[in-house]
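Protein chains: 2
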Amino acid sequence: MAKLEDVAKRAGVSTATVSKVLSNTPYFTESTRQRVMRAVEELGYVPNLAARALAAGKTSIIAVVFPHVYDGVFQDPHTLHILQGIEAECTQRGYNILLSTPRLTPDGVDEHYLRLIQSGYIDGIIALDNVPIYSVLEPIRSKSIPVVNLGTHPSEHYVHTNDYSGGFQLMQHLLELGHRAIGIISVPNDLNLSANHRMEGLRAAAQAAGVDFDALPIAEGDFSITSGAACADLLLQQFPTLTAFVCLNDRMAMGAVQLVHRIGRRVPDDISVVGYDDIPMAAVFDPPLTTIDAHAPTRGRDATRMLFDVLNGKFPDPVVYPVDLIVRESSTHT
Amino acid sequence: MAKLEDVAKRAGVSTATVSKVLSNTPYFTESTRQRVMRAVEELGYVPNLAARALAAGKTSIIAVVFPHVYDGVFQDPHTLHILQGIEAECTQRGYNILLSTPRLTPDGVDEHYLRLIQSGYIDGIIALDNVPIYSVLEPIRSKSIPVVNLGTHPSEHYVHTNDYSGGFQLMQHLLELGHRAIGIISVPNDLNLSANHRMEGLRAAAQAAGVDFDALPIAEGDFSITSGAACADLLLQQFPTLTAFVCLNDRMAMGAVQLVHRIGRRVPDDISVVGYDDIPMAAVFDPPLTTIDAHAPTRGRDATRMLFDVLNGKFPDPVVYPVDLIVRESSTHT
DNA sequence: ATCTTATAGTTAAGCGCTTAACTACAGCAA
DNA sequence: TTGCTGTAGTTAAGCGCTTAACTATAAGAT
Chain Z
1 MAKLEDVAKR AGVSTATVSK VLSNTPYFTE STRQRVMRAV EELGYVPNLA ARALAAGKTS
61 IIAVVFPHVY DGVFQDPHTL HILQGIEAEC TQRGYNILLS TPRLTPDGVD EHYLRLIQSG
121 YIDGIIALDN VPIYSVLEPI RSKSIPVVNL GTHPSEHYVH TNDYSGGFQL MQHLLELGHR
181 AIGIISVPND LNLSANHRME GLRAAAQAAG VDFDALPIAE GDFSITSGAA CADLLLQQFP
241 TLTAFVCLND RMAMGAVQLV HRIGRRVPDD ISVVGYDDIP MAAVFDPPLT TIDAHAPTRG
301 RDATRMLFDV LNGKFPDPVV YPVDLIVRES STHT
Chain E
1 MAKLEDVAKR AGVSTATVSK VLSNTPYFTE STRQRVMRAV EELGYVPNLA ARALAAGKTS
61 IIAVVFPHVY DGVFQDPHTL HILQGIEAEC TQRGYNILLS TPRLTPDGVD EHYLRLIQSG
121 YIDGIIALDN VPIYSVLEPI RSKSIPVVNL GTHPSEHYVH TNDYSGGFQL MQHLLELGHR
181 AIGIISVPND LNLSANHRME GLRAAAQAAG VDFDALPIAE GDFSITSGAA CADLLLQQFP
241 TLTAFVCLND RMAMGAVQLV HRIGRRVPDD ISVVGYDDIP MAAVFDPPLT TIDAHAPTRG
301 RDATRMLFDV LNGKFPDPVV YPVDLIVRES STHT
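Sequence order for the protein chains is Z and E. According to our numbering, the first sequence holds residues 1 to 334 in order. According to our numbering, the second sequence holds residues 1 to 334 in order.
All the given hints hold, so there is nothing to weed out.
The calculated lysine-lysine pairs, modelled on DSSO-like cross-linking and capped at a C-alpha distance of 27 Å, are: (1) 58/Z <-> 143/E; (2) 3/Z <-> 58/E; (3) 143/Z <-> 3/E; (4) 143/Z <-> 9/E.
No wet-lab data here; the hints were simulated from the structure.
From just these sequences and the hints, can you work out the full model?
Okay, structure coming up:
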């Protein structure tokens, strides 16, 4: 494998000159540049990233941190959506993605993650930092690693989505369809901060319409499809006259739809069901789900662009994305 | 940030001794070990992985290579399933996952991937190498990077699934239910080697039952849900009396189911639909899909264990997993 | 008692690159 | 003409760790 030194010899210059040409930093003439680049091609030279990392502290690696607290990270297509946006941007800029899925407790985060953070191996971090019990950004605060947060724990740089508005629009949608007997399929409030904001939006929309939110029945799942079905089952046993379910993500909505069909009733004729996140399956589910589009790939991409701005010494403003209500066929009038 | 040298000073030994203690290589006394470990903890020392990579050629990073030829890598829950198994094993062994999604052409692979391969940044590679036009392992063959292939391009070390048997069982299942008017929803044969093997299994089962496989109508999608719906639509227009669809993945099966319902017919009453891969949604789709379980998380985990065996100088045998037919509610007698 | 091998720890070279400091010269302003 | 600043390229130190080769001693075999 060719080294910088080999390129230098072939081009008839010093290693510093080769390094300057490759990084396009002053000074070199055009004829020197051409000789160097010809040598690079002839030798098939590729920089050793470990040496570069050691010498310059730059690794061309971005860590994407998805806390592994519930099953979501490897079950939720939402994860892939965010990665899709991040990957497109990183690849375009010649960076690599290191995927980190730390386990969390109230006291902290696993040792493996801590070692990664301190390893000198990461130029920057994009985190989906949404677990209430602990912020994966906590160990990073005393480091100088640039971070962009797609979650809602406090962070200097972030790309958020307006979960409150999403919750508000979902509830408003059902209320405008005439529903008042609405079951809420939620998750425990120590599972996910975004979910908590969605609940606040649900509450606000209910209150704005003069509906007593606290009187609405709630069941807590864990974002999984099966938990959505179980919640729907529980709610319908306790409140057989419910005419709608509002679910905090699409997968629980799909579970709810499945349960409703299983007991011989129909969505949306008998019970409307709405979800959140607009995962790919939402559009082709039967019936296609009414949901909130939170623009996951776009947020992934823009978080990555923000991170590169920070890496380049800029000071980008935080971004809060609006969400869009996507009305499909799983909701209708009472 | 503490360096090895700081630990050495605090423990009153040389840096070589600290390195020996941390890597547990000969020789050191127990009292030396304890003094070193106390210093490590007091200083919060974490090895600089770039320096270690440069000095020893070991990076604690595994590259997971998912070629990005169709939408699948970021749309297919199967991707997440494989990653789930890989991640569990890597994290347990203190390794990190670098996610690489190279773009392919018949002539080769993108520059970014080539740079990664040659960067000295990867201890080993796990590849889902299934795209017929080019093998992502090709640029690696002249390198000494250990590789385990989850796809079906030739590789010294591999964990495969028996796609042929899966195809065979799917077709056999439908034939045993009495179906003969079977539409096949496939993909172009230059898209995915596993799909090609599944087709061969379909053909073999048909021939074993005395059914003229070439007389069966075929439409080609691209593994996406929408293409599955489009294929079902096309096939039903041309062959309205079809009683079954066999689809080469679950997402196309879901699209087919959606299309059948959309034209007012029912699955499986009017048309049976079977898929492949058993993605999480398959079990809760309406109706739940009959499919082939190809054990994605297990294969991810075992591919990773195999890679670590190779990294540790062992010579593991390749593994070919059986697949399992999962009969659910989307298929029934004609 | 002597020789050989193992144990315990240390010194220092080097992994491959970046970049500060340097040498030499060119161009411009006073 | 002289002094200052910029251009072009080079030298060499160092980033942080690993580990070969070294020194010293201990233990075992003859």
